[in-house]
Structures are given as structure tokens and as C-alpha cells.
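Visitor: Read top to bottom, the protein sequences are chains A and B.
At position 24 of the first sequence the residue is numbered 24 (this note's numbering), and the sequence of numbers has no breaks.
At position 139 of the second sequence the residue is numbered 139 (this note's numbering), and the sequence of numbers has no breaks.
For the record, the hints were derived by calculation from the structure and aren't laboratory data.
Warning: the hint list may mix true and false statements.
What the hints assert, rightly or not - Listed next, with one range per pair, are the computed distances between beta-carbon atoms:
#1 Lys75(A) - Lys121(B): 37 to 43 Å
#2 Arg208(B) - Gly76(A): 38 to 44 Å
#3 Glu187(B) - Glu222(A): 24 to 30 Å
#4 Ser276(B) - Thr57(A): 43 to 49 Å
#5 Ala178(A) - Glu191(B): 33 to 39 Å
#6 Asp249(B) - Gln24(A): 25 to 31 Å
Ideal Cβ positions, reconstructed from N, Cα and C, are used throughout, including at glycine.
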Amino acid sequence: MALRALTNVKTLGRLRHQQIRGLQTFTLPDLSYDYGALEPAISGEIMQLHHQKHHQTYITNYNKALEQLDDAIAKGDASTAVKLQSAINFNGGGHVNHSIFWKNLAPTREGGGEPPHGSLGWAIDQHFGSMEKLVAKMNAEGAAVQGSGWVWLAVDKELKRLVVETTANQDPLVTKGASLVPLVGIDVWEHAYYLQYKNVRPDYLKNIWKVINWKYASEVYEKECP
Amino acid sequence: MSWSSSNYLCLSSSSSVTQFSRCKLPCESEGQRGKCQDLNRATNISAYNSLKPPSFKLDKGQRRNDHVLKKPRNISAYYSLKPPPYKFDALEPYMSKRTLEVHWGEHHRGYVESLNKYLGKDDILYGYTLDELIRVTYNNGNPLPEYNVWNHDFFWESMQPGGGNLPILGLLEQIEKDFGSFSNFREEFIETALTLFGSGWVWLVLKRNEKRLAIATTTNAVTPLVWDDIPLLSLDMWEHSYYLDYKNDKARYVNVFMDHLVSWNAALARMARAQSFVNLGEPKIPVA
Numbered sequence: 001m002a003l004r005a006l007t008n009v010k011t012l013g014r015l016r017h018q019q020i021r022g023l024q025t026f027t028l029p030d031l032s033y034d035y036g037a038l039e040p041a042i043s044g045e046i047m048q049l050h051h052q053k054h055h056q057t058y059i060t061n062y063n064k065a066l067e068q069l070d071d072a073i074a075k076g077d078a079s080t081a082v083k084l085q086s087a088i089n090f091n092g093g094g095h096v097n098h099s100i101f102w103k104n105l106a107p108t109r110e111g112g113g114e115p116p117h118g119s120l121g122w123a124i125d126q127h128f129g130s131m132e133k134l135v136a137k138m139n140a141e142g143a144a145v146q147g148s149g150w151v152w153l154a155v156d157k158e159l160k161r162l163v164v165e166t167t168a169n170q171d172p173l174v175t176k177g178a179s180l181v182p183l184v185g186i187d188v189w190e191h192a193y194y195l196q197y198k199n200v201r202p203d204y205l206k207n208i209w210k211v212i213n214w215k216y217a218s219e220v221y222e223k224e225c226p
Numbered sequence: 001m002s003w004s005s006s007n008y009l010c011l012s013s014s015s016s017v018t019q020f021s022r023c024k025l026p027c028e029s030e031g032q033r034g035k036c037q038d039l040n041r042a043t044n045i046s047a048y049n050s051l052k053p054p055s056f057k058l059d060k061g062q063r064r065n066d067h068v069l070k071k072p073r074n075i076s077a078y079y080s081l082k083p084p085p086y087k088f089d090a091l092e093p094y095m096s097k098r099t100l101e102v103h104w105g106e107h108h109r110g111y112v113e114s115l116n117k118y119l120g121k122d123d124i125l126y127g128y129t130l131d132e133l134i135r136v137t138y139n140n141g142n143p144l145p146e147y148n149v150w151n152h153d154f155f156w157e158s159m160q161p162g163g164g165n166l167p168i169l170g171l172l173e174q175i176e177k178d179f180g181s182f183s184n185f186r187e188e189f190i191e192t193a194l195t196l197f198g199s200g201w202v203w204l205v206l207k208r209n210e211k212r213l214a215i216a217t218t219t220n221a222v223t224p225l226v227w228d229d230i231p232l233l234s235l236d237m238w239e240h241s242y243y244l245d246y247k248n249d250k251a252r253y254v255n256v257f258m259d260h261l262v263s264w265n266a267a268l269a270r271m272a273r274a275q276s277f278v279n280l281g282e283p284k285i286p287v288a
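So here's chain A without its partners, still in its complex pose:
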């Protein structure tokens, strides 16, 4: 009984310690579909590696970097705090980008690939001419990304218009414009397609449209531009 009292005190102490620190750690979000559900556009092996290894690594490193930053700030260590910025940008950006990416994808039988109706569909037609032209533009920009990066369809919430942007490495979209809200993001890092498409990135880009979840994109769009 004394032992139980002891453990209670300890856990209470730890909880209180965490509350005082106020640092929230991030965890890997679950996918709302199976790894193999996006075949044949994206293989199950890629999805599993991408989710369980790459995204998890970003999260782990992000948490670590945040902890170190917390320490550095508490100690007033400015140079360490600044030095950690690139790790935070990279890993935090990776976490943010990939979390959006999982929601951007849906199996075909759950509506993946079905073009948007409603205001987003209309806006696409207005800004780009047609869905095919948008796809062609995004594929061209995605294929042209040097090295690693992302290609985005975003809405500028100030100007209320759609834009296609690319970002390098894991830079989040806001680095290209503070008022940009991502609707659809496509990961063109090699890890996202290499096992299946090898170096033929254009094929990957052509096929991924079959599993893009436009329902989610429409929801985000309607929230920003009602």
C-alpha cells in the first residue's frame, strides 16, 4: 500500500512537471484508409514506409528539437535557440506537410480522384480554365522541382484566388506567402514515389490525381472563401 502511495506521488509529480513545462509533443496521426488502399496509384509499401518511417522520423526529430529549444530558451541560450531553427523548420515542416498530405489522399472507392463540384470546382475553372489545365500545370511544376520539395494548390485567403506553388525540401507553404492556405499538396520527394516509379516522376504525378481527395480540399476552400 505504501508502494502504491509512492507511485501515485511520483506520477502526480511528473504530470505536474509536464503541465509546468507546457510542452506538447506531437504524435503520428493515423491514416483513415489502409496502406494498400491507394493502389495502384501509390503502392502499399510506399505508403507504409512513408507514414511509419519518414513521417514518424520527422515527428520524433521535431519533438526532440522542440525540447532542446525549450531548454535553450529557459537558459537564455540564444545561439542554440537560433541554431535549432533549421531543424525545427525542416522537421516541423515535414510533420505539417505530411499531415496535410494524408488528408489529401483517399482511395478511389471513397471518392479519391473525383473532381470537386461546388465552389472549388467553379474557382478552378475560373482561374485555370479547366481541371485538366490545372493538373497539367501542377504536373509540370512538380516535375520541375529540383531535388526535394512539394507542389501545392493553395488559396490566397486575402486575395481570394487559387495559386499553384512549389516549395523546397520541407518548407511549409506559408514561406511562399503568409496568406496561403494549402488545399492540395503533392510530395515530390523521391521517397514518395521511388520504389514504384523509380526516376519517372511525371508518371507518379499523372497517377496520383486518381487518389486525390477533393472533398477535403473543397471543405478547406469553403472555410476560407465562403
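Following the hints, position chain B against chain A.
Guide: Chain B in isolation, oriented as in the chain A frame:
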């Protein structure tokens, strides 16, 4: 195979600096390309760009010109696809044959072809050697991806079957002088490789101004040549170079490179050549 090599003077220096120059074929200048018997042979020579003929044996079913760029007709400035100095399966089990086939055969080849295509349109850049081309078109850190050609040539030569172990002679001394010990260097190299964000390269360079060895990283297709440093070794940290073999396990890839793939012979040769440009100090001559 006997080459009538007097006609095809493609200069080459040591493996670290490959100098490509246009080989003027006699049959071409006479406008008789179709009749030139040696046309096929010439393709081989100009593609290899070295004075010794290729000595590797062909696999069963592989044609001799399988991985040699066919000479394009209308392009006036071109660079060729140089094969790695070992067979594709020579680096097993550390780098699989499949990786080499895709990495060299598709990525590297694609870079060479798009470089040639790009240069075919742009006469200003005609006639440069690859080194000069890189320096000229650096574009402030955003060179075209085609400049990966130089990097990849260098990379293949930075590896060898049965590589790894320790460097020898002067290179080891210089490493110990500049890094403290070889294991320090190894640790630093591995750590640098693992903390590289995105696609890039890790290099062991000899810094000209500071006259010492250093580890450098570059992103995408940049090479340390543009900073006037002399690279001795490189490691490709683009995902395509390790993904097929190691998936996301970068640490294992980098360790395997250091332990089993890195060619200290090549590095030593490059270092020896580099010493003619950088004075690293007086040699230690023992007093009699």
C-alpha cells in the same frame, strides 16, 4: 581492339578532372559519315574519353553499345555518359546492381541527355569542358539539374569494389592533421551526411585558401568546384541513391559507404593531383 587513335585525340587527365573535348572524326569533316567504317568504333572512343580501351567483359545477351550514348547528329556540343570504373554488380551487397542500373542508367544518363539537349540550343556555352561549364553557369546556387553529371561521374569514381578501410600515406596524415584522427573524421562525415536536409551531396574537399581538408555539403546539384575547393570524395545523399537498397535507413547507407565502398585510392590520387595546386607545406624529410 586496335584504335586508330591518332585521329581521335580525346584528352583525359586523371580521373578527378575529366576533360571532354570534341573529337573531330575525319569522316565527318569530309561529309562522309555514312561511309565511315570506323563510325561505331569512334562512338566508343569518344564516349570513353580515355586512352585505354574499355576492358570489361559483356554479360550474356548484352550488346557492346548497350550503355554507350549513341552519337547524336545535330548537337554540336556534347558530353558523354561515362560508365563507372567497375561492373554494376561489383559493389554488391553494399550497393545493388539494380541501384547502379537505375542510378547510372536512368538518372545519370537522363542528366547527360538533358544537358546535351540544353546545350544543343545554346551556342554560347559551346566548347566548354564540364568543369568550366559548372563554374560559368553556377547561377548563384541554383544550377540546372543537368550539372549533376559532373557530380555523378565523380561519385562513381569515389567508390570501388572492396573499398572502405583506411586511407594510406599522405592522405591519412593529412586527415589526422586536420581532423584529429581518422575516426573523428569518419564520425563527422557520417553526422554531416545524416543531418543534411533534403537532396544534396557530402564532400571531402581540400580547401584552397585555408590549405586544409574539410567536409562540405552541397544541395541539389551544386559542386564545391564553384567555391574553388578541390573535392576528393563525394557521397550522394539524394534519396534515389540509397532508397532501393536501404529504404529510409540513411544511417546504414552512410556507414556502409564509409566501411565498404569509399575508394581511398581515388581520393589519394586526387589528393596527389591537388597538391600541385595547393601548397600543403614542406614534406617531412627525415634528417640523415
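Visitor: Looking back at the numbered hints, which does the structure fail to meet, lowest number first?
Guide: 1 and 3
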